[in-house]
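Peer 1: What follows is each chain in one-letter form.
There are 2 protein chains.
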Amino acid sequence: MKKAFEKYRLEPDQKVQLNDWDTLETSAWDGGKKDAKLHLLELNTQLEKLQELLYAERKQRILIVLQAMDTGGKDGVIRSVFKGVNPSGVRVASFKVPSALELDHDYLWRIHKQAPAKGEIVIFNRSHYEDVLVVRVHELVSEKVWKKRFDHINAFEKMLHDEGTVILKFFLHISKEEQKIRLQERIDNPEKQWKFSSGDLKERGLWDKYRDAYEDVLEKTSTKSAPWYIVPADRNWYRNLIISTVIIETLESLNMKYPAAEAGIEKVVID
Amino acid sequence: MKKAFEKYRLEPDQKVQLNDWDTLETSAWDGGKKDAKLHLLELNTQLEKLQELLYAERKQRILIVLQAMDTGGKDGVIRSVFKGVNPSGVRVASFKVPSALELDHDYLWRIHKQAPAKGEIVIFNRSHYEDVLVVRVHELVSEKVWKKRFDHINAFEKMLHDEGTVILKFFLHISKEEQKIRLQERIDNPEKQWKFSSGDLKERGLWDKYRDAYEDVLEKTSTKSAPWYIVPADRNWYRNLIISTVIIETLESLNMKYPAAEAGIEKVVID
Numbered sequence: 419m420k421k422a423f424e425k426y427r428l429e430p431d432q433k434v435q436l437n438d439w440d441t442l443e444t445s446a447w448d449g450g451k452k453d454a455k456l457h458l459l460e461l462n463t464q465l466e467k468l469q470e471l472l473y474a475e476r477k478q479r480i481l482i483v484l485q486a487m488d489t490g491g492k493d494g495v496i497r498s499v500f501k502g503v504n505p506s507g508v509r510v511a512s513f514k515v516p517s518a519l520e521l522d523h524d525y526l527w528r529i530h531k532q533a534p535a536k537g538e539i540v541i542f543n544r545s546h547y548e549d550v551l552v553v554r555v556h557e558l559v560s561e562k563v564w565k566k567r568f569d570h571i572n573a574f575e576k577m578l579h580d581e582g583t584v585i586l587k588f589f590l591h592i593s594k595e596e597q598k599i600r601l602q603e604r605i606d607n608p609e610k611q612w613k614f615s616s617g618d619l620k621e622r623g624l625w626d627k628y629r630d631a632y633e634d635v636l637e638k639t640s641t642k643s644a645p646w647y648i649v650p651a652d653r654n655w656y657r658n659l660i661i662s663t664v665i666i667e668t669l670e671s672l673n674m675k676y677p678a679a680e681a682g683i684e685k686v687v688i689d
Numbered sequence: 419m420k421k422a423f424e425k426y427r428l429e430p431d432q433k434v435q436l437n438d439w440d441t442l443e444t445s446a447w448d449g450g451k452k453d454a455k456l457h458l459l460e461l462n463t464q465l466e467k468l469q470e471l472l473y474a475e476r477k478q479r480i481l482i483v484l485q486a487m488d489t490g491g492k493d494g495v496i497r498s499v500f501k502g503v504n505p506s507g508v509r510v511a512s513f514k515v516p517s518a519l520e521l522d523h524d525y526l527w528r529i530h531k532q533a534p535a536k537g538e539i540v541i542f543n544r545s546h547y548e549d550v551l552v553v554r555v556h557e558l559v560s561e562k563v564w565k566k567r568f569d570h571i572n573a574f575e576k577m578l579h580d581e582g583t584v585i586l587k588f589f590l591h592i593s594k595e596e597q598k599i600r601l602q603e604r605i606d607n608p609e610k611q612w613k614f615s616s617g618d619l620k621e622r623g624l625w626d627k628y629r630d631a632y633e634d635v636l637e638k639t640s641t642k643s644a645p646w647y648i649v650p651a652d653r654n655w656y657r658n659l660i661i662s663t664v665i666i667e668t669l670e671s672l673n674m675k676y677p678a679a680e681a682g683i684e685k686v687v688i689d
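Chains A and B, in that order, give the protein sequences. Per our numbering, the first sequence starts with residue 419, numbered consecutively. Per our numbering, the second sequence starts with residue 419, numbered consecutively.
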């Protein structure tokens, strides 16, 4: 079953029409939602153990990039997929509107600072991809400038990869109808109202432009070193299952080992 | 006279045999050492003004990379060429042996953090080039790893350039004989003894390996976006003259302007 999720991984240069990618489908999971949620708890435990091993071995660096339209579920993924992991070795870097100091530097400056260290998993909640998404849609820089950034980004991620960082990138793919439901929920539910801003409606009005920009990103920046996964994300449980499984399979493929014990440890007696 | 220094700039892919580059020559300066030193004082004043303009305009970022064999004169350049500039807008980033935290990240992590902001001149005293120089000579990483770094570095500098950073790279080229004199001076002069360590002699023993590594660096990483200059550096005064002039000409070519005054400033009366 597991490897079924590989179909969501984009090959380099693969053409992408997001409308052809079903946001509701759950074809790689035989059971229902309830089974999936139970299975996710098992995956949480697996991830917890793998993360501890990663931290102990201190050889690999893991970078996970989450991108989505508003309400796509980035926060939900972080909460659900990483439930139970030790925060000492897992760090979330959220990239909001850049500060004045950040804007004074090149756009990768604030990103690179947050790159993972050995033994660390870093989750990018939004990322350098905003510099070819929101920046493009709102025309914050000229086309001449943002067009060059696809090459920069591929080179940056290639360098991270060559130097020993494993990179996984997930685009949480929701439908415009699902976004409507989720925004309405934010308006209606007093505990979610803090998440809503009228700016979200303006962004929703730019849906098609964002979709076009995302298609460009997905086509141009899915590489062997740093592949994109298009995750059907209208159903949270399925989305979580895919992402959790892909991360776990990737960590398992690294053949990590606990560092060797100090020589003679078996003879040590604690007074 | 000024443009005469352009001959020290390497074209992309230009082959380099450092033994063919005279370390003693002073052919682009008609006068003697005394005239040169007086002229440098004028250049200091020019640079001071241009740097103030750069700082006020706050549009451009300037990155100056200094590399050399030991005793090549990097510290001397910083002291002499930047004499009088306002430290608010000029920053020296010295890259020594990496810390444990730095080693836990990719090699460009600590470098990128120090990249200049708008309005700033940053001088790299050593740089990411050490990761294909000392690291190569001492085999701190495998050839497979360091060979990929030339591409990373070119892509990194291209990105900085595309995003508005002007990059100038100077290799201070001294002869092995001149290094002998300078090391001896460090041993004999009590005020310079702090600069000497017996490790310097080991490095001197690796002169040919460093030269080969530098030739590779100079051939592979001199680009339109970020050219290398090979500076004859046995004579400090000539070395300073070249570097100061190249920096000043570069700053002048940017056509910087003071920001416009606030509207109505001419009617403001201070009580």
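What the hints contain is simulated information worked out from the structure, not anything from laboratory work. Hints may be right or wrong, so weigh each one.
The list treats identical chains as interchangeable, and a pair is accepted whether it falls inside one copy or across any two copies.
[Unchecked claim] List of simulated lysine-lysine pairs, DSS-like, C-alpha gap at most 30 angstroms: (1) Lys565 x Lys452; (2) Lys467 x Lys594; (3) Lys531 x Lys452; (4) Lys455 x Lys425; (5) Lys566 x Lys638.
Keep in mind it's a predicted model, so treat the numbers as computed, not measured.
Peer 1: Now, for every hint given, state plainly whether the structure supports it.
Peer 2: Each hint, compared with the structure:
1. Lys565 x Lys452: This pair counts as neither: shortest intra-copy Cα distance 44 angstroms, inter-copy 51 angstroms.
2. Lys467 x Lys594: neither (37 angstroms within a copy, 55 angstroms between copies)
3. Lys531 x Lys452: neither (40 angstroms within a copy, 46 angstroms between copies)
4. Lys455 x Lys425: Answer is within; shortest intra-copy Cα gap is 21 angstroms, inter-copy 69 angstroms.
5. Lys566 x Lys638: both (11 angstroms within a copy, 22 angstroms between copies)
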